[in-house]
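Enquirer: What follows is the residue order along each chain.
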Amino acid sequence: MKQRKFIILMLLPTILLISFIILYPTISGVLLSFKNYSIFNFGKVKWVGFENYKEIFSDVFYIDIVWNTIKWIFFSVFFQLIFGFILALLMKEPFKGRGLYAGFVFYPWAISGFAIGLIWSWLLNGQFGVINDILLRIGFIKEGFNFLSDPSLAMFSVILVNVWYGIPFFAIMILAALQSIPDSLYEAAEIDGAGYFTKLFKITIPYIKPTLINTILLRIIWVMNFPDVIYGMTRGGPAGSTEILSVKMINTVFYESNYSKAAAHGVIIVTVLVLYTIMYLKLTSKKEFSL
Amino acid sequence: MKRLFLIISILLVSLFVFSEEVITLNLIEAFSSPWRTPTLNKIIEMFETLNPGIKINVISPPYETAYQKINLMVSTEQPLDIVEIGDWNLSTLAAMGKLEDLTPYINNWPEKNDLIDGVLEAASIYKNTPYLLPHGIFVKTLFYRPDILSKYGFKNYPKTMQEMYDMAKKLTESGKNQYGFDFRGKGYPTAFIDIVVTSFFDDIDPNNMYLTKDGKLIFDDPRAIEGLNFYVSLFKDTAPKDSVNWGWDEQVNAFVSGITPLLFQDPDTTGMLNEMLKPGQYKTAPLPVGVSGKAYPTFGFVGWGIPTYSKHKDLAWKFIKFVSSSEINGYWSKSYGALPILKSVYKYDSYFSSNIFEGWTEMFKDPKHYQFTQYPLDNENWGKWNEFQEKTMQQVLLGKLSVVRCLKQWSDFWKDAGIK
Chain H
1 MKQRKFIILM
11 LLPTILLISF
21 IILYPTISGV
31 LLSFKNYSIF
41 NFGKVKWVGF
51 ENYKEIFSDV
61 FYIDIVWNTI
71 KWIFFSVFFQ
81 LIFGFILALL
91 MKEPFKGRGL
101 YAGFVFYPWA
111 ISGFAIGLIW
121 SWLLNGQFGV
131 INDILLRIGF
141 IKEGFNFLSD
151 PSLAMFSVIL
161 VNVWYGIPFF
171 AIMILAALQS
181 IPDSLYEAAE
191 IDGAGYFTKL
201 FKITIPYIKP
211 TLINTILLRI
221 IWVMNFPDVI
231 YGMTRGGPAG
241 STEILSVKMI
251 NTVFYESNYS
261 KAAAHGVIIV
271 TVLVLYTIMY
281 LKLTSKKEFS
291 L
Chain R
1 MKRLFLIISI
11 LLVSLFVFSE
21 EVITLNLIEA
31 FSSPWRTPTL
41 NKIIEMFETL
51 NPGIKINVIS
61 PPYETAYQKI
71 NLMVSTEQPL
81 DIVEIGDWNL
91 STLAAMGKLE
101 DLTPYINNWP
111 EKNDLIDGVL
121 EAASIYKNTP
131 YLLPHGIFVK
141 TLFYRPDILS
151 KYGFKNYPKT
161 MQEMYDMAKK
171 LTESGKNQYG
181 FDFRGKGYPT
191 AFIDIVVTSF
201 FDDIDPNNMY
211 LTKDGKLIFD
221 DPRAIEGLNF
231 YVSLFKDTAP
241 KDSVNWGWDE
251 QVNAFVSGIT
261 PLLFQDPDTT
271 GMLNEMLKPG
281 QYKTAPLPVG
291 VSGKAYPTFG
301 FVGWGIPTYS
311 KHKDLAWKFI
321 KFVSSSEING
331 YWSKSYGALP
341 ILKSVYKYDS
351 YFSSNIFEGW
361 TEMFKDPKHY
371 QFTQYPLDNE
381 NWGKWNEFQE
391 KTMQQVLLGK
401 LSVVRCLKQW
411 SDFWKDAGIK
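For the record, the sequence lines run as chains H and R.
Using my numbering, you'd call the opening residue of the first sequence number 1 and step up by one each time.
Using my numbering, you'd call the opening residue of the second sequence number 1 and step up by one each time.
The following block holds chain H by itself, in its conformation from the complex (with noise of 0.2 Å):
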């Protein structure tokens, strides 16, 4: 009993520090979405119960965001994972200048979002930008393309230079466990004559399968609450055809001034969220795997 009390009260600093940097700041959030707290009744908030969602569900462009989200999210995370664990095998023997090679294949990690954004918009600007310029110029194309006006490549786009951003995030945690791998179990299944695709997948990926998963789940949660790239490049247009549901929430920020319609936009996103991150631990519990 003694030793319990110990164990709560070396806790409590932790517990206490966890619930005013997080705890609080999250009830906030959720009654603020129930109130009509907005630019212009500072003076009179009050409670509005449900209307906030109710505004938010009846917006006739909802189900397009809905929609612009689910492809962000899925053909985002799918490339950054495919081209990441490539770069990682790359990566996993050591070559001269390896060093200096991972430095400029992860660089984009460390740039901004919102800069990486505005730096794409230019070099894809229909009129301006350099890789139209290239294209012309090698001859592949005869007319520039308008990457961020055409809807339909208006959001190929945005993904793109998604992919292009979060790459290094996967080769780096996929490399890091590629590392963890001993070399005996490859040495094994050489002597027993396993090819390189027998080797990848009976040894590697089932071996780096935690791994996977955590950066997966990670990723998705993350590329979900990452507006960055798209505002500085779309703002979510043309036409809506860019906007996922963390930019309409920053939309309705800086365009209504609506902070509690915005609270709601995050709770959503915040239970959608948990929701997945349920089901996705559900159906990805293994033995092996712990979050």
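The hints are simulated quantities; they were obtained by calculation from the structure and are not laboratory data.
Since we're looking at a predicted model, the values are computed, not measured.
Just to be clear, a hint being listed does not mean it is correct.
Straight-line Cα separation of at most 35 Å, DSBU-like style, residue types lysine-lysine; simulated pairs [to be verified]:
{"hint": "1", "chain 1": "R", "residue 1": "K408", "chain 2": "H", "residue 2": "K71"}
{"hint": "2", "chain 1": "R", "residue 1": "K368", "chain 2": "R", "residue 2": "K159"}
{"hint": "3", "chain 1": "H", "residue 1": "K71", "chain 2": "H", "residue 2": "K199"}
{"hint": "4", "chain 1": "R", "residue 1": "K368", "chain 2": "R", "residue 2": "K347"}
{"hint": "5", "chain 1": "R", "residue 1": "K400", "chain 2": "R", "residue 2": "K213"}
{"hint": "6", "chain 1": "H", "residue 1": "K282", "chain 2": "H", "residue 2": "K92"}
{"hint": "7", "chain 1": "R", "residue 1": "K415", "chain 2": "H", "residue 2": "K35"}
{"hint": "8", "chain 1": "H", "residue 1": "K44", "chain 2": "R", "residue 2": "K311"}
{"hint": "9", "chain 1": "R", "residue 1": "K69", "chain 2": "H", "residue 2": "K46"}
{"hint": "10", "chain 1": "R", "residue 1": "K415", "chain 2": "H", "residue 2": "K54"}
{"hint": "11", "chain 1": "R", "residue 1": "K236", "chain 2": "R", "residue 2": "K365"}
{"hint": "12", "chain 1": "R", "residue 1": "K408", "chain 2": "H", "residue 2": "K44"}
{"hint": "13", "chain 1": "R", "residue 1": "K112", "chain 2": "R", "residue 2": "K318"}
{"hint": "14", "chain 1": "H", "residue 1": "K46", "chain 2": "R", "residue 2": "K311"}
{"hint": "15", "chain 1": "R", "residue 1": "K216", "chain 2": "H", "residue 2": "K35"}
{"hint": "16", "chain 1": "H", "residue 1": "K54", "chain 2": "R", "residue 2": "K127"}
{"hint": "17", "chain 1": "R", "residue 1": "K216", "chain 2": "R", "residue 2": "K365"}
{"hint": "18", "chain 1": "H", "residue 1": "K44", "chain 2": "R", "residue 2": "K213"}
{"hint": "19", "chain 1": "R", "residue 1": "K169", "chain 2": "H", "residue 2": "K142"}
{"hint": "20", "chain 1": "H", "residue 1": "K142", "chain 2": "R", "residue 2": "K368"}
{"hint": "21", "chain 1": "R", "residue 1": "K151", "chain 2": "R", "residue 2": "K176"}
{"hint": "22", "chain 1": "H", "residue 1": "K35", "chain 2": "R", "residue 2": "K391"}
{"hint": "23", "chain 1": "R", "residue 1": "K365", "chain 2": "R", "residue 2": "K343"}
{"hint": "24", "chain 1": "R", "residue 1": "K216", "chain 2": "H", "residue 2": "K44"}
{"hint": "25", "chain 1": "R", "residue 1": "K343", "chain 2": "R", "residue 2": "K112"}
{"hint": "26", "chain 1": "H", "residue 1": "K71", "chain 2": "R", "residue 2": "K236"}
{"hint": "27", "chain 1": "R", "residue 1": "K408", "chain 2": "H", "residue 2": "K46"}
{"hint": "28", "chain 1": "R", "residue 1": "K283", "chain 2": "R", "residue 2": "K334"}
{"hint": "29", "chain 1": "H", "residue 1": "K142", "chain 2": "R", "residue 2": "K170"}
{"hint": "30", "chain 1": "R", "residue 1": "K155", "chain 2": "H", "residue 2": "K142"}
{"hint": "31", "chain 1": "R", "residue 1": "K176", "chain 2": "H", "residue 2": "K54"}
{"hint": "32", "chain 1": "H", "residue 1": "K35", "chain 2": "R", "residue 2": "K69"}
{"hint": "33", "chain 1": "R", "residue 1": "K391", "chain 2": "H", "residue 2": "K44"}
{"hint": "34", "chain 1": "H", "residue 1": "K44", "chain 2": "R", "residue 2": "K69"}
{"hint": "35", "chain 1": "R", "residue 1": "K216", "chain 2": "H", "residue 2": "K46"}
Since the structure of chain H is provided, determine the placement of chain R on it from the hints.
Expert: Chain R only, in chain H's frame:
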């Protein structure tokens, strides 16, 4: 030791007795920028030199979040004495009841009669009371590139919307990456759309851009269909397709590089154009008038106000008066790019009567064709409107929504917002 103690005591007492009390005023600006904030600091330095008992402490929040910060600070009565207010947050601040009515100050201000006509009225949109004194005016005008126009055989700027369309169409050679009109697709394209659409009307209510004089919503009027169709043609026939995604940066870039030599913009664009283009390479002209023979520009403005809870209101006014004096307002407007608020500045500084400012000068002296009109900025759906209008307009431009259905949505929006 005793002697040293005595000397120090005497020094401290004399310092206390003879030192003048310095009062610090807190000023918050809304439009901080690498060009503007240093100019403001220079003006403050001048003011402090002339008034040794007053110090001004400048608070410069990031541009993107400045309005939110100002609104929060004022609503929670944090120590502020001078507040920068833009037309788009004036009603919010005034509705809180935290802004001082500046009428008594302005009435006793000798330079009051030198104010540009209509400025004070425009700044009194909330309950007909001047809660701020504007320090700069923004009105859109037509910027054009004579060097590009002359290459295509045009000796003058277009005077009507139809002339502008015809000219822009002749300038458009997409194969050569040459277009006519510098279109705005994103980042508050509201004014651009409305300038074109309202030019098809001759009876716009001067107090509300979206109503006719007989109180009907313009979006229900057949003339709006004509106007919006014209706007779509302007995009389809004379502007780069990519401009659906253009904001201010892209517009200025396209104008400077000569891709689109016809641009509607505010005077703060002149600051950048003066740096990037040679003298005479760009000029301004009045906005082209529509079929009605009229155009309806809006007065955008930004100014200084005093919170009701400030303990130093008279000193705050002293500063505002100083900044608004003819010499300082001229210096400020030139560096910043806004139009001066005093008539005398246009006379004493030839810069403001140069052909760079011809567009505005002509519009100001022609009330028959140019009716300055207000937006319903005090309506709480105004912010939502900007996002909604941008998104639906882009849908029209991309062929996903018809002009008629779009206007129906706009009309419903404003009816729901209480404007009928």
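Enquirer: Of the hints stated earlier, which fail here?
Expert: 20, 31
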